[in-house]
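*Asks:* As given, the protein sequences belong to chains A and B, one line each in that order. Residues 3 to 599 in our numbering are what the first sequence spells out, letter by letter. Residues 192 to 521 in our numbering are what the second sequence spells out, letter by letter.
Read the hints as simulated data drawn from the structure, not as lab findings. Errors might be hidden in some of the hints.
The calculated lysine-lysine pairs, modelled on DSSO-like cross-linking and capped at a C-alpha distance of 27 Å, are [what the hints assert, rightly or not]: (1) 495/B x 99/A; (2) 517/A x 325/B; (3) 490/A x 351/B.
Restraint-style ranges between C-beta atoms, simulated for each label pair [to be verified]: (4) 494/B x 503/A: 19 to 25 Å; (5) 503/A x 476/B: 33 to 39 Å; (6) 494/B x 582/A: 29 to 35 Å; (7) 112/A x 512/B: 50 to 56 Å; (8) 476/B x 575/A: 55 to 61 Å; (9) 280/A x 489/B: 50 to 56 Å; (10) 420/A x 257/B: 49 to 55 Å; (11) 397/B x 151/A: 50 to 56 Å.
For glycine and all other residues, C-beta sits at the position ideal for the given N, C-alpha and C.
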Amino acid sequence: MIKEVGAQSILVEAESFANKGGWVVDPQFVEQMGSPYLLAHGMGIPVKDASTSIKVKKYGLYNVWVRTKNWAPGNWEAPGRFYISFDGKRMERELGKISGWNWEYAGKIKLSKGKCKLSLHDLTGFEGRCDAIYMTTDENEKLPVNMDKLKKWRIEKSGIMDVPQRVEKYDLVVVGGGIAGCAASIAAAIQGLKVALIHDRPVLGGNASGEIRVHTLGIYGKFERILKMLDTEHYPNGSAEAIKEDQKRMDNVKNYKNIHLFLNFRAFTASATSGKITFVDARQTSSGEAIRFEAPLFVDCTGDGWIGYWAGADYNYGREASSKYNENWDTHGILWSPETPDNQVMGSSVLWGSENAGKKVEFPEVPWAMDVAKNYASKNGEWQWEFSQNDLSQIEDAETIRDHMFRAIYGSFYNYKHPTMETKISDKAKVATIDLSKHQLKVDSLQLKWVSYLLGKRESRRLVGDYIYTFNDERDATQFEDAVVFEKRAVDVHYQVNLLDDEKPDFLSEAMFYKTSQYSIPYRCLYSKNIKNLFMAGRDFSCSHVGLGGPRVMLTTGQMGAAVGFAASLCKKYNVSPRDIYQSHLKEYLDLIESQK
Amino acid sequence: MRVSQLFVICWILITVLVHQKVFSQDEVNTCQKVFAYKSDEFAEAYIIKICSDAEKTPIGYESLINMPVCDDNLCANVILMFYWDMAGNYIRFETLPGKPLTKFDHKRFTYADYQKLDQILKDKNSMLRLLEKKDLVDKTIKIKATTVDAVTGATPKTVKNAVVEGAVYSSFTLWHFINGAVKDSMAVYTRSIYSDHIAIRLLKSKNYESQLFALKQWSGKDYELHADLLFQVIRESTPIVRAYILGKLPLPFAEEDKNRALITLFPDLDGYSKSIFLNRITADRQIAKTILPLMRSYLNVLNKSQLDQYLVAFDKFEIPGYQDLLKELH
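Make the full structure from the sequences, and use the hints.
*Replies:* Encoded structure:
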């Protein structure tokens, strides 16, 4: 992409680089740090250069600033260092060295009028990150740090409009292309609705996608036909098998001509008037192009409940006191449900694995990881690689959580390759000493095969519906007249293993299972209590922390999506709100669902 | 060495190594029947005895179990002596002389098998919780016993790690016995005879569940009275127990020394306990006014967001010295 140049300054958004080389676009933390950014995710091997062409309008001596971050500051060399160059001429200063997102000074350079190639050169392969590059001839220009000022400044400098010029109208707008969002889109499309499916990644599936690789669990309920288009085999979490399922899922969704797929678009606002959403705006994660989506009905399948949050929907976050909904289970006591509310929710996972390279492979020292990994060693990470902390929000502190997992992974892998007498093996959540005599030969040839850079989240905002689903409904198999989702899976709530032993790693979890008979979820958990035209499906459905424990897996959330898609079709038919379906059209709705088997 | 000699050595090793010092036989003075435990799961009622030390303080429960575990008559009854603490938490088992546990085909348990069984019984998260007896064997695969004219099913791969191999029914039955309602029956009985002696013993144990059991029986007054013991528990126990105590302590203490002693624990707390404690002392005016000024010497152990939380509360509750504090930090 060629950037037009102002009189004396040029702003280049890194994610808009025409050639991204080995760098990847990371849009996960836009709401916290302001923008998608480029990440040098090389698993310890420097990634190929990213480059783009810029157009300089006026010759001059430019001061070059780069918005970046030292993601693991401490008494060691910053892990994610890189530098930039203009037409192959390197700016001397290494970047990625200051903690927190900030503008780092790269130096001065004379730029001639005309085209120039701007490149990013990764030095480490360890998660260097670049948000934007700014060149200015003004020696004294003060760059904005405050998020609000930065946002306005970006709009001014980049020329990208904050208010989208392109407006699209649909019967239903589904935000989030995980299993729930895909199922909602298909169900609505089957019924003839014109659907926009907005997703911030290049592939569909969310946690089930080849980018995160969690297998789908649960039952199909009434929606076997739809969910079989989207699900996965029961391979181990983290398996590359997930990639082939991406293709199946994409083909199946694309088969529905009235699903309009907006991949790599991330929603950034939802506007509600008198308790009703009028539009959702989304932006392309590389080009910055924004589109306004208007519709009478919206579905929040973002996981984090962003649409509801922006629209002013009621929501809950954290663990309720056990007394609030009578959710105690004596067997696990306060691990299961605390006496007083807290934020020790189920955490996020980053899955990873290694492979035999067939030859000796070195893995560099990672001193910046050892505070986290300590003396634990592993060669792969399943679902137990999970991180939650009472004072970290799974939404607002998501980047910190992801980076903590990077340190856990790289440090543990280093330990696996370089064991000592103190090294402990983390086998699932169990910890044992390593047998050095049998160990070393096997690991010399081990190399990292795949590490996700996307968080696999379990729990975040839970939007409030007309009914809040709790442990009681799972334990007692409450019979609902509006039951639309069914599940048999045990209620499964996690805790961090270091809560019971602070010598254990803080990035491993353990599961507590409560065995139940089949339970069902009512339709009233799938639309907002106070935003009239908002459905939700996925982990942001209306439930308590423990209530989420059973239905949080992806076939169950997929059932929620499908149930919502069919409800939307009746909303359109009668021009009514989601609540009206429960109040006035329940029989027709349940008959419609029953006919889907 | 004869097989019988090996067995005796094995039995001694199990008694010495597997069993921890909690509820040691040296301590036990008398044991007497307190109730018979009967549930639908088990055909027989089991006599539960309570054991006390020389000072007549109850120290735990024991029960001699003689339990059939198989459906297919291929294995002998399990005969074991089980021990629990006063909260009903399983401590250990002992075999009786001449009554070793056996596996499929009447093979005797090895030392490793006994160790594994002990670990299985202690694992509340075992997948055995989710299984029914019918899930334990794959009836389609038959294994022929050499010493008995019979066949039995194979153990599915997924179950293998959760059981002692060759003793799948014993593992399953004993796990459900130990982790079933018998524990609640003991807890109920303990509550009926509860005393500070029992509480203190449970708090000094290393079992987080027993500590929590004891903490739940106490009122705020008890917490104040036994503050020194609780400070010791905070120093030595697990994050979840620490955080529980820190959430329950009747703060601020009337005695200044106790408040000071509490604050000295702060730097060594784990992250979870720190977070729970900070949330508590920054949420309540009365607690904040006493505790926040005492924390000033420990601000260097706070991270940035914790320090912000501290300063916001200091300002919000109009605690004297806020401006000086800012200058000092600057």
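*Asks:* For each hint, tell me whether it holds in the structure or not.
*Replies:* Now the hints, each set against the structure:
1. 495/B x 99/A: Holds - the C-alpha atoms of residue 99/A and residue 495/B are around 19 Å apart, at most 27 Å.
2. 517/A x 325/B: holds, 16 Å
3. 490/A x 351/B: holds, 23 Å
4. 494/B x 503/A: 19 to 25 Å: Holds - the Cβ-Cβ distance for residue 494/B and residue 503/A, about 22 Å, lies within 19 to 25 Å.
5. 503/A x 476/B: 33 to 39 Å: The hint (33 to 39 Å, Cβ to Cβ) holds, given that residue 503/A and residue 476/B are roughly 36 Å apart.
6. 494/B x 582/A: 29 to 35 Å: violated, 49 Å
7. 112/A x 512/B: 50 to 56 Å: 54 Å Cβ-Cβ, so the 50 to 56 Å window holds.
8. 476/B x 575/A: 55 to 61 Å: holds, 56 Å
9. 280/A x 489/B: 50 to 56 Å: holds, 51 Å
10. 420/A x 257/B: 49 to 55 Å: For residue 420/A and residue 257/B the Cβ distance comes to about 52 Å; the hint holds.
11. 397/B x 151/A: 50 to 56 Å: This hint holds: roughly 54 Å between Cβ atoms.
When each numbered hint is compared with the structure, a violation occurs for hint 6 only.
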